[in-house]
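Trainee: Chain order of the listed sequences is L and R.
Its first residue numbered 2, the first sequence is counted upward by one per residue in my numbering.
Its first residue numbered 2, the second sequence is counted upward by one per residue in my numbering.
Mixed in with the good hints, there may be bad ones.
One copy or any two copies: either way a pair holds, since identical chains are not told apart in the list.
Said to hold, decoys possible - Below are the DMTMM-like pairs computed for lysine to aspartate or glutamate, each with C-alpha atoms no more than 20 Å apart in a straight line:
(1) K311 to E281
(2) K286 to D276
(3) K257 to E299
(4) K36 to E299
(5) K221 to D197
(6) K260 to E289
(7) K71 to E255
(8) K47 to E293
(9) K312 to D276
(10) K127 to E268
(11) K286 to E263
(12) K311 to D276
(13) K260 to D276
Since the hints were derived computationally from the structure, they do not count as laboratory data.
If you want the building blocks of each chain, they are given just below.
2 protein chains.
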Amino acid sequence: MTEIEKLVQGILAGEKKSIARAITIIENNGQKAQKIISAIYPHTGKAYVIGITGPAGSGKSTLIEKIVKKLRENGKSVGIVAVDPTSPFTGGAFLGDRIRMQNLSLDEGVFIRSMASRNSLGGLAKATKDAIKVLDAAGKDYIIVETVGAGQLEVDIVKVAYTVIVVLAPGFGDEIQAIKAGLMEIGDIFVINKADRENADRAVIDLLSALELNTEKKWKPQVIKTIALTGEGVDELLKAIEEHRKYLEAGELERKRRKRVEAELLEAISQRLADTIIAELKTEKTLEPLIEKIMNRESDPYTIADILLKKKIKLEKEKK
Amino acid sequence: MTEIEKLVQGILAGEKKSIARAITIIENNGQKAQKIISAIYPHTGKAYVIGITGPAGSGKSTLIEKIVKKLRENGKSVGIVAVDPTSPFTGGAFLGDRIRMQNLSLDEGVFIRSMASRNSLGGLAKATKDAIKVLDAAGKDYIIVETVGAGQLEVDIVKVAYTVIVVLAPGFGDEIQAIKAGLMEIGDIFVINKADRENADRAVIDLLSALELNTEKKWKPQVIKTIALTGEGVDELLKAIEEHRKYLEAGELERKRRKRVEAELLEAISQRLADTIIAELKTEKTLEPLIEKIMNRESDPYTIADILLKKKIKLEKEKK
Chain L
2 MTEIEKLVQG ILAGEKKSIA RAITIIENNG QKAQKIISAI YPHTGKAYVI GITGPAGSGK
62 STLIEKIVKK LRENGKSVGI VAVDPTSPFT GGAFLGDRIR MQNLSLDEGV FIRSMASRNS
122 LGGLAKATKD AIKVLDAAGK DYIIVETVGA GQLEVDIVKV AYTVIVVLAP GFGDEIQAIK
182 AGLMEIGDIF VINKADRENA DRAVIDLLSA LELNTEKKWK PQVIKTIALT GEGVDELLKA
242 IEEHRKYLEA GELERKRRKR VEAELLEAIS QRLADTIIAE LKTEKTLEPL IEKIMNRESD
302 PYTIADILLK KKIKLEKEKK
Chain R
2 MTEIEKLVQG ILAGEKKSIA RAITIIENNG QKAQKIISAI YPHTGKAYVI GITGPAGSGK
62 STLIEKIVKK LRENGKSVGI VAVDPTSPFT GGAFLGDRIR MQNLSLDEGV FIRSMASRNS
122 LGGLAKATKD AIKVLDAAGK DYIIVETVGA GQLEVDIVKV AYTVIVVLAP GFGDEIQAIK
182 AGLMEIGDIF VINKADRENA DRAVIDLLSA LELNTEKKWK PQVIKTIALT GEGVDELLKA
242 IEEHRKYLEA GELERKRRKR VEAELLEAIS QRLADTIIAE LKTEKTLEPL IEKIMNRESD
302 PYTIADILLK KKIKLEKEKK
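Construct the complete structure from the given sequences, taking the supplied hints into account.
Mentor: Take a look at the structure:
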C-alpha cells in the first residue's frame, strides 16, 4: 500500500493524525495533494458546511465553541477550519479563549485546523476548500469555517459554506464594517453577539433595516441575539441553521453544489494547463529573452502571452 | 482614433478623467483592459511605488495625507490607490478624515483611487497592479498603495511596492496583530504612529526586538515615531523612504522588477490559456456531462482536468 493509500485509508477512518497530515500536504499543494483529493473525492459531499464570519472581536470563536458543544450533545461530529488570523483557533486572542479551544480539541469527535495564509502555496482559498473535502471524507457531519470579515479573500472563503453566519457585536462601527466588507450580501443568518451590551436592540434594528435594502434574496436572512459567553441564544441559532438547511435542501442546495463543481473543474483545468505549458517554456528557455524584452519596455506581458500561445498551438499542430 | 487610443492619450497626458475611466475598465478586466495595459506598458516603470499597511485605526490615512503634502511641496506628483476597506479614501472612517482627503484630491497633482474588492472581476491584486501601471504611465512620481494589514491578499498587494511601510499605533495588540498578519516580514520601514500616546517607546522597543528575530534581511528595517495628526516625524519618515530607495537602486530594485515581470508574464500566459480552452470546452458542450460525473462522485475535478487536457493536446496534434 502506498503512503498516499495509507493516508487516505486513515482519513476515511477519521483518524486525526491522517487528517492533519493530509491538510499539511494540501497546504503545500503539489502532486501529492491532488492525488489525495482525487482519492477522497468520491467520499465527499455528505458534510454540511457552515461559514462564520464577522469583524475581529465580535466573539465568533466563543460562539463556535458553544455551537460545537451543542452539536456534540446531539451526537454530531464536527470539523473546524479557522482562517481568521485573530482567532484563538489560529493561536490568536487571549489565553482563556485558547484554553477553551484546547479542551474542545481533546474531544475525539472534533477536529480543529487553522489555515495559515502564508503556508498555503496554492492560495488560501484553494487550501481551505481542499481541507473541507478532507474533513468531509473523514465523515464529519458538520464543518465550520471561521474567517474574519475583512478583505475579499475572507469573504470568498465563507462562500464555500452552505449556511453563512455573520457575527456582529453591538455598536455602530461593526455594522458599517460589515456593509463595507460585503457581509450583508453573504449572510444567511446574522448574529448580534454580546447582546447583554447596551444598544444591542439598536444594532438589531439597524441590521434589519440594512437587510431590507437587499430584497431579491429568496431566503429572508434571520437576525438572532446571542451571548456566546453564557450560551444564551445558541439554541435559537442552531434552529435557524437547520431552517436554512431545510430551505436549501428544498432545491437551491443542488444548484449551489453544481455551480461549485463547475468552478472547481474550470479551476483545475486552468491550473493544469498553466503548469504544463509554463514548465515547457521554462525548459525551452524561451522565457528569459521575453522577460528581457518586457524589462526594456519593448513589449508587455499580455502581448507576449498572445504571441507565445499562438506559437504553442502552431507547434502542437505541426508535431508528430 | 479609437476610444482606447483616446483614453491612452488622456492617460499619458495625466488627465484625471482618463485615468479614472481606465481604472474602471481595468476593474471589469476584459479585452479592453488588456488593450489599455498593452498600450501604456512602454510608458511605465518610472514611478516609485510605496506600500503602506497596518491594522485599521493605526492612522495610515492621516499619515498618507501628510506624506503627500510633503511630496507635493517638493513638486512631486502622487497617485494613491487605497485597498483598505476602513480607509477614508475608500469612504470609510470619520467625516473629518474624509473632508481632509477631499481637499487632497482637489490638488491637480494628486490622483486618489479606491479599489473596491467586490468590483474587481479579475481579482483585487491584479486590478491594483494594473491601476498602478495606469498611474505610472500618467507620470506620477510616487504611487502610494494603502491596504489594511489583515488577510494575505492585503499583505500581497503591498508587495507590489518597492518600499513597504508598516504603520502601528502604540499598544501591545497591534504588534501581535502585525506579527500574525506577517507584517514583520514585509516591512522596510515601521512607523509607530500616535507616538504621543503613553507606551509609544515601549512599542518601539517591542518592535525592535521582534525585528531582531529576522536577521537574514540585508536592509535593516527602520523604526520611526510619528504623530500623523500634527505631522511630527513625517520628515524623518520621508528621509527613511529615500534611504531605502537609494539602497534598492544600488542593485536590488532591478532584481525585484525582473521577478515581478516574470510573475506577470506567467500570470498572463496562464490566464490566456485558461480563457481560450475553457471557451472552447463550453462551446463544445463537453463540460455538462463531466460536471454530472463529478456531481455523482464518479470522478473528481483533477482527474477530469487531466483527461481533458490529454484529449485537447491530442486533438491539436491531429488537427490541420
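Trainee: Hint by hint, say whether it matches the structure.
Mentor: Checked hints:
1. With identical chains, the CA atoms of K311 and E281 are at most 20 Å apart both within one copy (15 Å) and between copies (15 Å).
2. When the C-alpha separation of K286 and D276 is checked against a cutoff of 20 Å, the pair qualifies only within one copy, where the shortest distance is 15 Å, while the shortest distance between copies is 24 Å.
3. Taking identical chains as interchangeable, the C-alpha atoms of K257 and E299 lie at most 20 Å apart only when they sit on different chains, with a minimum of 19 Å there against 46 Å within one chain.
4. Taking the shortest alpha-carbon separations for K36 and E299, only the inter-copy value of 15 Å comes in at or below 20 Å, while the best intra-copy value is 42 Å.
5. Taking CA atoms no more than 20 Å apart as the test, K221 paired with D197 passes in neither setting, with 25 Å inside one copy and 48 Å between copies.
6. When the C-alpha separation of K260 and E289 is checked against a cutoff of 20 Å, the pair qualifies only between copies, where the shortest distance is 11 Å, while the shortest distance within a copy is 39 Å.
7. In this assembly of identical chains, the alpha carbons of K71 and E255 never lie at most 20 Å apart, being 27 Å within a copy and 57 Å across copies at closest.
8. Taking the closest pair of Cα atoms, K47 and E293 come within 20 Å of each other only across two copies (17 Å); inside a single copy the shortest separation is 51 Å, beyond that limit.
9. With identical chains, the CA atoms of K312 and D276 are at most 20 Å apart both within one copy (17 Å) and between copies (17 Å).
10. For the homomeric pair K127 and E268, the shortest alpha-carbon distances inside one copy (10 Å) and between copies (17 Å) are both at most 20 Å.
11. Taking the shortest Cα distances, K286 and E263 sit within 20 Å of each other only across copies (13 Å), while inside one copy they are farther apart (34 Å).
12. Taking CA atoms no more than 20 Å apart as the test, K311 paired with D276 passes in both settings, with 17 Å inside one copy and 14 Å between copies.
13. For the identical chains of this complex, K260 and D276 are inter-copy neighbours only, at 18 Å across copies versus 24 Å inside a copy, given an alpha-carbon limit of 20 Å.
Consistency note: the structure conflicts with the earlier hints numbered 5 and 7.
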